[in-house]
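Reconstruct the complex from the two isolated chains, following the hints.
Chain by chain, the residues:
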Amino acid sequence: MIFPAEDFYADAPRPTPLFPAVAAHSEANLWTSVNGWTAARVYTSTAQEYECAKSGAALADLGPLARYAVRGGEAAAFLGRLTSAPALTLQAGESARGLMLDDRGFVIDLAEVSRLSEDLFLLTLPAPHARHIALAVRGLDVAAENISGDVAALGVFGPQTAGVLAAAGLKSVSETMAASGVLRGVETAARPIQFGALPGVELIFPKDEALTIWERIIRRGVGTPIGLDAMEILRLEAGAPRPGLDFMPAGRPGASPRTPEELGLAHLAPLDRGWFNGRRGLRELAGKPRRRLRALSVDAEAASPGAAVFCDAKPVGRITSWVWSPARKRVIAFADVDAASRGNTYEISATPPAEGRLAAKRFETVESALAKAFAGEQGVATDFRR
Amino acid sequence: MNDASKKTADKKNPHLIEGGIDAIVIGSGVDGLTAAAYLGRAGLRTVLIGAGPEIGGRIAVREIAPGVEGVDGEHLVTVLDPEVIADLELYRHGIEFAARRLDTTYFFESGGVLRFDGDLTQAALLSLDDDSDREALEAFMGDVLETSAFLRPAFAPGGYPGGGDAHQRALEKSLGQASPEMAMRIRKYLFATADDVLRARFGEGALRTLLLAETSLRSGASPFEPFSFMSLLRRYAGEAAGLQGAAAYPKGGAASVVTALRRAAQAAKVDVRAATPIKSILIEGDKVAGVTLLDGGQVRASIVIAAVDAQQAFQEMIGPQFIDIGLQRMLTARRPHIASARMQIVLKGVAQDDATRRNMMRRLVYAPSPEAIASAFIDARAGRVPERLIVEAVFPTALDEGAALDKRQIMSVLAHPLPFDAEPDAERREAIRSAILDSIEMFAAGFSGRIEAEDLRLACDDAQSVHASSGAYASKPDILQQWALAAAVSGSGGISGFYFCGPEAQIGAGLSCAAGRVAARAALRAYKKGAA
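Chains as they are written, first to last, in our numbering: chain A, 1 to 386; chain B, 387 to 918.
Pulled out of the complex, with its shape left as it was, chain B reads as follows (with noise of 0.2 Å):
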């Protein structure tokens, strides 16, 4: 037999034992590729495994139509790690953004339109005619701006309340040192409802419908309810593009994010096995002591950090034999009611009015009425699909040169809130796409028209892509839920050369790598600290 036979025939062995690897990543997802690279960096061999047969996890490039590619996963970037981008190099990597701050353009019910500046600290550029409303608006968002920025390290992985480390303490201090006006804001905004609070600083108006509009969307928890406001407050101290609270377009769409980081897992030395299912997590006393393969062979590692869902993670890899009771009620408890959907629409023709084309190259929500949105919450927790839906929608054919295609367009639209189902009919995925176009036409009348093809992915679906849980990317519920979920996953039950990055770990919806980088730092300092 010669070497390359014999390495084929050791490959398909189904008991092999694999040995000197120094850490194991499970899960190619964003976050996976983010903690790979950084203990690829330090100069750790690392192999990263990924069940799908695509590196990227949910985030993938997808033909939609025939001859049509689009983006599942995220169509913008609003809380991108700024510390990834500058310590994996991935603007040298290949991120290039075609639009860093994009305006939002809001369509209400009533027929009002408002343009929001994409930088939020340029509030007064807002098509606004009434001055009252104008000084009220830059009052906030100076207030909502600067508590936010204050709140980041409690939004950042490891650092809430909870969390019991180094950044827990570093939050307790400067929480401790806040000024009386500053603590006074952050206790009225962490309990406060988001209605509450905006509409004590624009009673009825339209600001207040456009603000519970962003609130709400991707949020599990209404914001007529205790704690909601801190979404908004989430969603502004995130950064994209070095901007605090815009969104952002990348080239190519979130998929070139995936691509950076895995050009920068590669330059890392990383191996990267895609289509590697894994059986179990090993555990040895209190130690983990590497993977299990579906096939029945062994990667052994003193480091293994998930990057997968947590029920997978803890209830399927570890077992339940193994982690704490307290931490498998926390995981067990969990039942998801609320999910938002992604519809990408293939448009014919091309707009021909300058109106519609600035539009285009905007971010563009549906803020349905309060009213409408409260009863949305209702009907979605009740697991009926509500009437109208919070839409936003970008445009990536005009904002990106890339993805241009020949007299048609693709819109992308992210709708909630829509009832989370596991496992939906036909009839559902039916009465949601119904719902969401009857949306999208209360703001682009007779677009329906225009129709090409659609597609329509829900969450279930992108778990099932990724061989998640079915309810991995639901909503989540409210941040103190959140924080609190997160703070037990992140403590990786005590197993020691565990760590955890999968989506639980992170506060909010949103693309942004910084679990995997808080995972991976925390090996780091282990693996040193042993070395020594």
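The following block holds chain A by itself, in its conformation from the complex (with noise of 0.2 Å):
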């Protein structure tokens, strides 16, 4: 599940459960607002989180994105209107990501959904949507609890994840299948995830119980805290968009709306899933984006958000986001271009006080080969080239 963008302009965010655990790891004591929450920057370094996360195990205070518990014997229909994952088809302990539609079709946030019991679903989104949930409910034997205040989210990914997970004597929780039971003497809920190209695992526990575990797990010096800025470079190599940053959530007031195409994420709202609200919106707009959201490579040792990027000499887009990528050793944003432009290479502005452009090539990121590979399933044609 991917962060929103920082909320930069908020007034004293409140704690997340896990706050006072993480706290006192956080050396940089770097810390930012997402949705109102507390989130770390920097715990140590950016570099020093981002390799822990590449070949051990990564913790994440997953505390500000919101949660849901939906229950009810229409729990199921409720999730598969309210989102495009395929609620209504999950079994008991799977997880599907999905998209978050207007009336319109058009992206109004990404959600995952995980099955925990016949009619217990927990539905994760990086940003609340209470009024749309509220209004998603009506009519329908389901209730939609927000849980976010009243538990502890930890993010477990990395190679060593079942390493960590054994170290504190969760051998029990899969890293492939949802589930909530009481884990030593702890509520717990466990779902896989995916954060970027990473598996992982969120534990979700009551919050008078978020200490509890995470001692549990760095007692056994396992696993190192990361933070925002470490996570947004596996974010980009995984070619993730981030709501807010990188498109504006429909509905947004002066958004100008994309729909799952433009963003490159067409194969999660695919439109012979079952019914899903905004899906006959976006049968109306499906095979035509008027942007793209390209992820690009760039022989450079910065960028800015904001810069202009140009194809064929002609101006196409802006960048929406970028960070240094040591797995690429370049850096590599996202570009919010023309849907007309269809080369593979571009040229960004330089930032300033450099002056001319500099070269960008697209690059197959995991997001954008599932694009790839449904549009090849659907048999419509893709421009993407290598």
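Just so you know, these hints were derived from the structure itself, not from any lab. Bear in mind the structure is a predicted one, so any value in this text is a computation, not a measurement. One thing to keep in mind: the hints can contain errors.
Said to hold, decoys possible - In silico lysine-lysine, DSSO-like type, Cα no more than 30 Å apart, as pairs:
(1) A:Lys361 with A:Lys329
(2) A:Lys54 with A:Lys329
(3) B:Lys673 with A:Lys288
(4) A:Lys288 with B:Lys559
(5) A:Lys288 with B:Lys914
(6) A:Lys288 with B:Lys915
Claimed, not checked - Per label pair, the in silico range of CB-to-CB distance:
(7) A:Asp338 with B:Gly589: 51 to 61 Å
(8) A:Asp272 with B:Gly705: 18 to 28 Å
(9) B:Ala870 with A:Arg273: 28 to 38 Å
As the list claims (entries may be wrong) - Not everything, but these chain A residues come out facing chain B in the computed CB check (under 10 Å):
(10) Asp103
(11) Arg104
(12) Val137
(13) Gly139
(14) Arg279
Ideal placement from N, C-alpha and C gives every residue a C-beta, glycine not left out.
Laid out in structure tokens, this is it:
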């Protein structure tokens, strides 16, 4: 699950249930606000945290994300309506990604749905959408309870996730199946997550038990807390767009809404899946993208958000987010460009005080590979060229 | 088992699946009958299904007192769609107007009386003494009739802004081609309160009061709110008996329109089934597939037109799991506050003097002072019964020879604004009854002594009689809100083969049938395209 853009102007963000635990590990003491909750930008150093996530196990406080416990006989129908995730076909223990769309088929947000039992689901969203959810509940036998502030959420990911869980005595937590139960006296729900390309597990437990679980893991000396800056590198390497940064969620004042296809996420809202909100609108928009979100690799040390993107010497868009990627040894960035610009190579304006333009090239990410495979399956033309 | 008994057994079989049908129309009101007749005439095998025992929806003939029948629903025709009359040959099917352009007599709180000619273009015939008022009224009516005629497409179902189809494009094109003067006038009229426009034209005079009452009648928006002037434009954009803005009385009342439509449907070989409640509309994929009846049976067809209220059609029959959240929000966010009430009163004796007899051949309107109208809207919105009401009255027994009674008269009254109640108790009904009678006494002193019987009918009674949602016939909000809702419901939630022509698809009140026509034509276009 991807964090939404930070709310830079928020006053006095609330501490997440895990805040007392993670704050003790923050050497940089660099915090920001996400959805009104505290979130660490950096604990020790971005490079170290990134490396740990790639080769060891990273621990992320996922408290700022919005979480809903969805119960009731029509919970699956409700989630199948609210999101494009295939909630109706999920078996207990399975999770799926999807999108929340508005009636016209534009993306409101990303969504992850996990089925914990026959009539209990967990819905995770980058940001709370209380009104939209309250409206979607009407007329259905379902209760969607916002549990964001009541539970602590700890993301464990990286190649050594299983080791961390075992070290903490959480062997019964599966990396592939969502489940809920009592783990060593603590009521816990666990579900697989993907942060970028990294598989992991999200543990959700009552906020009163936050320190208990945290201590169990930390005492074993495995796992390193990871902040937003390192997660941003993982996100861009995986090619996952960030709400509020790479696209503005539909319905926000002044937002220029984007379709799943325009964000390269058409595989998360297939038109042949059961009905979901906005599918009829999406059908009208399918195959007619106006913009495209491209993952670009730039021959430079730095870039700047908002930098102009050129194709064949014509301005076609702008950079929406960028980082230095240790894996690619280059700047990688998302660019929102005109859908008509079908080239593989672009140029972006250099960051002042430097002048001129920098060469940029599209690269394949996990997300774009999924989109490409989906487009192939659907038999639609794709303009992706390696 | 012989054939007849086998057929009877089949009809009782609750799990019967019936096919071989092209189109199903749900709801046997005027719009349902219109849609079914259009489909039938185009050669589609059409079934019209109504939940109630009678065909005609809320417009029904009912015994309002021993031996006296009255017509529920509407007592005048002001916006009957001329295309429907022509296309369905309603004149051939029996519709006939007893009065085509009713003059109106306005009574004021001050005791003054004014007469307005039934032909609005002849406003100079108004019994005004003051020449400047006469000139101001002529100029005003000229502007208003011209503007409302220009805006007529915007008030037609499917034509409003946001309708998203050919009608909308045509409307946008015509607005784009409007002269600068017309464009400026429309802009002014669109955003203005009715009171602002009328005060600027007529100052504090009786004409302002009169037109404020006309604007407010049946509207959920107070004439002191923005966009309220559009209500008057919408009323004058409509046609009755071929005359713009006229009020007409059909022989037999509004029920004769139902009769003519029913004959048109029967002539088009529509299979009309009353007392057949529908449980749900079948959706398969993104397409409509038919309906499930309350007894468990199914009727399958690739076209379903719902001529019931939107709450019923979308929320109950289709179900929230198949409709977009935005549409559901629009439907559930509506909370009607204002409604009108109908009262049919049987009066003893017949009028002796000529003046009274002449007035009985007219439409009578009691126009309270602007302050009283403002106060009435405030009271009604707060759930209180206002002291003074706008009253529109006609005498069917005087207008229509066929309705004449022996030494008695029927007075049909429409009173507005009243608080909307989903389930009014006896006390509330009594308060409404008293307020209506008190308001009538204001212009017909001593009339209460001649009352032999009376029948009060509230919006919720109309809804209950046709198994509709309680707020289905409450007064509608301002035109802008109506446009937004009508555009949303006419989009039919994007379900292929499903069309909607319930009360929410119509802008404003009155018996129109245009929504049924538009829905049927859209269905036929899609059907022909599919067949091709």
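Going down the list of hints, with the structure as the test:
no.: 1; hint: A:Lys361 with A:Lys329; verdict: holds (14 Å)
no.: 2; hint: A:Lys54 with A:Lys329; verdict: holds (15 Å)
no.: 3; hint: B:Lys673 with A:Lys288; verdict: holds (23 Å)
no.: 4; hint: A:Lys288 with B:Lys559; verdict: holds (25 Å)
no.: 5; hint: A:Lys288 with B:Lys914; verdict: holds (27 Å)
no.: 6; hint: A:Lys288 with B:Lys915; verdict: holds (23 Å)
no.: 7; hint: A:Asp338 with B:Gly589: 51 to 61 Å; verdict: holds (58 Å)
no.: 8; hint: A:Asp272 with B:Gly705: 18 to 28 Å; verdict: holds (21 Å)
no.: 9; hint: B:Ala870 with A:Arg273: 28 to 38 Å; verdict: holds (30 Å)
no.: 10; hint: Asp103; verdict: holds (4 Å)
no.: 11; hint: Arg104; verdict: holds (8 Å)
no.: 12; hint: Val137; verdict: holds (9 Å)
no.: 13; hint: Gly139; verdict: holds (4 Å)
no.: 14; hint: Arg279; verdict: holds (7 Å)
In terms of the numbered hints stated before, the structure departs from none.
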